[in-house]
Amino acid sequence: MISSLNSKKLAPWLGLIAGLVLCCLLALFFNESPWHVFKILTTSFYNSKFDLGLTLFYTTCLIFSGLAFAVPMKAGLFHIGSEGQILFSALIAAYLGTAIVPFDNSFSFVVSVAIILISSMAAGAASAILIAFFKILKQAHEVVVAIMLNFIFAAVTTWLTVNRLQSPTSQNPETALMNESFQFLKNDYLKTYFENSPVSVFLFAALGCCVLLHYVERRTFIGYKIRAYGANPHAATRLGFSQNEILMMSLGLAGVFSAGVGLTEVFGNAFQYKIGFSPQYGFLGIAVSLLAQQNFLGIIGSAFLMACLHKGASDLDLETERLTRDFSRVLQAIIIFSVAASYYIANLKRKK
Amino acid sequence: MAYIEFRNITKSFGDCVACHDVSISIAKSEIHSIIGENGAGKSTLMKLLGGIDPVTSGDLFLNQKVYKPESAQDAFKNKIAFIHQHFVLAEQLSGLENILLSYSSSRFSLMTKNSSEVLTAANQILTRFNWKIDLNKLVSRLSVGEQQRLEILKALLQEPDIIIFDEPTAVLTPQESEELMQFILQLKKENKTIILISHKLNEIKSVSDSISVLRHGRLVQSKPAQELSIEQMAELMIGRQVVKSTALERPPQREAMLSVPNTSISLLKSEIFGVAGIEGNGQSLLISRLLQEMTKLNIKYGDITEDRIKLSVFEGMNLWEHMLLKHKNEFLSKGLIFELRLKKVTEDLVKSWDVRPPDIDKPLSEFSGGNQQKFVVGRELWNQPQVLLAAHPTRGVDLGAQEHIHKSLLEFSKHKKAVVLVSSDLNEVLYLSDRFVILNKNKIYGPFNRGELNEQQIGLIMAADNNEGIKLAGEL
Chain W
0 MISSLNSKKL APWLGLIAGL VLCCLLALFF NESPWHVFKI LTTSFYNSKF
50 DLGLTLFYTT CLIFSGLAFA VPMKAGLFHI GSEGQILFSA LIAAYLGTAI
100 VPFDNSFSFV VSVAIILISS MAAGAASAIL IAFFKILKQA HEVVVAIMLN
150 FIFAAVTTWL TVNRLQSPTS QNPETALMNE SFQFLKNDYL KTYFENSPVS
200 VFLFAALGCC VLLHYVERRT FIGYKIRAYG ANPHAATRLG FSQNEILMMS
250 LGLAGVFSAG VGLTEVFGNA FQYKIGFSPQ YGFLGIAVSL LAQQNFLGII
300 GSAFLMACLH KGASDLDLET ERLTRDFSRV LQAIIIFSVA ASYYIANLKR
350 KK
Chain D
0 MAYIEFRNIT KSFGDCVACH DVSISIAKSE IHSIIGENGA GKSTLMKLLG
50 GIDPVTSGDL FLNQKVYKPE SAQDAFKNKI AFIHQHFVLA EQLSGLENIL
100 LSYSSSRFSL MTKNSSEVLT AANQILTRFN WKIDLNKLVS RLSVGEQQRL
150 EILKALLQEP DIIIFDEPTA VLTPQESEEL MQFILQLKKE NKTIILISHK
200 LNEIKSVSDS ISVLRHGRLV QSKPAQELSI EQMAELMIGR QVVKSTALER
250 PPQREAMLSV PNTSISLLKS EIFGVAGIEG NGQSLLISRL LQEMTKLNIK
300 YGDITEDRIK LSVFEGMNLW EHMLLKHKNE FLSKGLIFEL RLKKVTEDLV
350 KSWDVRPPDI DKPLSEFSGG NQQKFVVGRE LWNQPQVLLA AHPTRGVDLG
400 AQEHIHKSLL EFSKHKKAVV LVSSDLNEVL YLSDRFVILN KNKIYGPFNR
450 GELNEQQIGL IMAADNNEGI KLAGEL
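In order, the protein sequences belong to chains W and D.
Heads up: the first sequence begins at 0 in numbering that gives the first Met the number 0, then just goes up one per residue.
Heads up: the second sequence begins at 0 in numbering that gives the first Met the number 0, then just goes up one per residue.
Excised from the complex, chain W in its bound form:
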């Protein structure tokens, strides 16, 4: 009994080590020193305060996108539409940031900020609820709809950025910077501490969301309702729970969390919308959430792990001669894969 508990706790760590070892061995094929690769993968996330800040920025985004996957998963929905929602909500925030000019008083300023935050979240929620609509009205499978919407949102945001909102002062495909007064997170405490790295107070918001959801899941009826629907939709509808309400609520929440990623980028880091800003946070979020087995507090840990990996893998490109950015992604995938497999193996043992 005790040993099986331990093996379950240890499993992901063993998986992590196995994945790292595998990656280093792969480096041999490229005539790179495995030790060198290992050092980069495991240490680059805290080389400097700036680096650690960058890792924490990734963590913030990954927590949000992990939540965007985990919440619908509780209702039994495999939600992979986060990427599209991130792009859409980020663009809305960036556009409103340039369009709204607050009057010169603090009330007007607070209202303006609120409008931007809420609109962005509403845009995220609306784009996610689209999936629910298709599911309710046409019984379309959420995975198919979400994949298609990802492409549609990517195309729409790109077109809008290049053709309508392109910054006049820039050669890159990006919108103009937001109004000066909205860039107040430039000087926020975290940023200064981490030597102006992209991290911002959104990190605390993300952590807060995890704790809040953990509480909601266990202490309020909504949490049980969604979980019950996820466990057995037929039985849940027989008990009189409304399927439509549950689908809209869980997907709507997921959209809000996707918007969290967009806001972290636009409001906390770039202050504008840059095409290609997201290294596919929406999809990395799936891995984050699955790794934590949809445990809301566990997502914090798995997001941080994934962020470290992401940082390490990106640095491989710069720090080695032959390993490309694409290959660093392969390594990242191997590590995720072996951690996930370790859970499976631990569970397999437990059953026997």
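Derived by calculation from the structure, the hints in this document are not laboratory data.
Treat the hints loosely; a few may be bogus.
Straight line, CA to CA, 30 Å or less: simulated BS3-like cross-link-like pairs of lysine-lysine [said to hold, decoys possible]:
{"hint": "1", "chain 1": "D", "residue 1": "76", "chain 2": "D", "residue 2": "64"}
{"hint": "2", "chain 1": "W", "residue 1": "134", "chain 2": "D", "residue 2": "309"}
{"hint": "3", "chain 1": "D", "residue 1": "187", "chain 2": "D", "residue 2": "199"}
{"hint": "4", "chain 1": "W", "residue 1": "134", "chain 2": "D", "residue 2": "327"}
{"hint": "5", "chain 1": "D", "residue 1": "413", "chain 2": "W", "residue 2": "137"}
{"hint": "6", "chain 1": "W", "residue 1": "134", "chain 2": "D", "residue 2": "295"}
{"hint": "7", "chain 1": "D", "residue 1": "187", "chain 2": "D", "residue 2": "309"}
{"hint": "8", "chain 1": "W", "residue 1": "134", "chain 2": "D", "residue 2": "325"}
{"hint": "9", "chain 1": "D", "residue 1": "327", "chain 2": "D", "residue 2": "342"}
{"hint": "10", "chain 1": "D", "residue 1": "295", "chain 2": "D", "residue 2": "413"}
{"hint": "11", "chain 1": "D", "residue 1": "295", "chain 2": "W", "residue 2": "137"}
{"hint": "12", "chain 1": "D", "residue 1": "440", "chain 2": "D", "residue 2": "342"}
Given the coordinates of chain W, assemble chain D onto it according to the supplied hints.
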């Protein structure tokens, strides 16, 4: 001389001992019945013989030789056929295709056995037993009785010496059950050895040569059938005497409480209204009509669903969570869950219904079927609803629990309340209902009063293609 012998067999799953030191010997070409309550270890024991699960300790002997099956295929090679309680048929394929599927070869092969050969062999067996099944029909179009025959046919084609029937009559009409029993006797004449698992004691008594009784995983008795009476069997199974509760005297005038739209059925206060019929003849439609009507009229109802696993059990959620989902308003204050009270109430419920093990933090799906059902029935009755919809309330439940559930249905119906009892177990409907209807192909026949029809007559209405001249209460 023993043909099949279980010698000191113990089978455990983790900490849970399903069979404990069981020794049974079965002679050649006899019908040996194994009876016991749900969870007594009957099926587990047979799965050991069928090679589905390995033995933990003890030995199996087949024809005086040690027999150690490692898979169902091994059992097959030793000419043991297992007819499962739940049919193992591919519904989208025809009968013949299902038979072809059962000829699985150990090597990978894209070829199937020659279908015309198989068809002749199958037809031979069909004529031998005077059965009529259209083997080219899709399985989903066959009746339950025909599906079972197909399942038996599949087994017989392998020319087994030993045939295990696991609760074969659970889903059959009285006529079909009778035919099956005749068939089993015929098999015996052909020198097959039959092992019959059941808890329908009448049937067992009529066909068996010898009977073994299991209780809580232990063998309590193994005797020739003529030395055991039905009462003794029941007593041995549950370890005490069964007290059948008697039907209640009803007040002559009862008010109507609710009527089902588009039919002439109305429920009265203080009655148990039975719905008999073979499953799949409109039960679920009738249930959903009733539920809609009760929701519309805002009647508080309890709902023992027709399919426990599919409609009542949430995978991975424990007992108190199930309690919360049904009776949410009782345990919420300001949107937060009042956990102490919830757990206390659930604990009391578990105690009064004797749900085992009494662990309210254990997922409901991990309880045995009987205990799940006890919990569900208790939960649905907990807040004193006005109407109780009880669909197959005692399915998969042992005798002791059955008694408890029947008693509480009768008790519940006393207090100006109505019970709708949907059941494919005819005895249950006859025994409990004050009035009942019979469903056949979405038509509702009746209502009939208690004692108006006997079992044979009801069986005919249930199974007939044409019921002209019998009073009709509506169509679904």
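Check each numbered hint from earlier against the structure, then list the numbers of those it violates in ascending order.
5, 7 and 12
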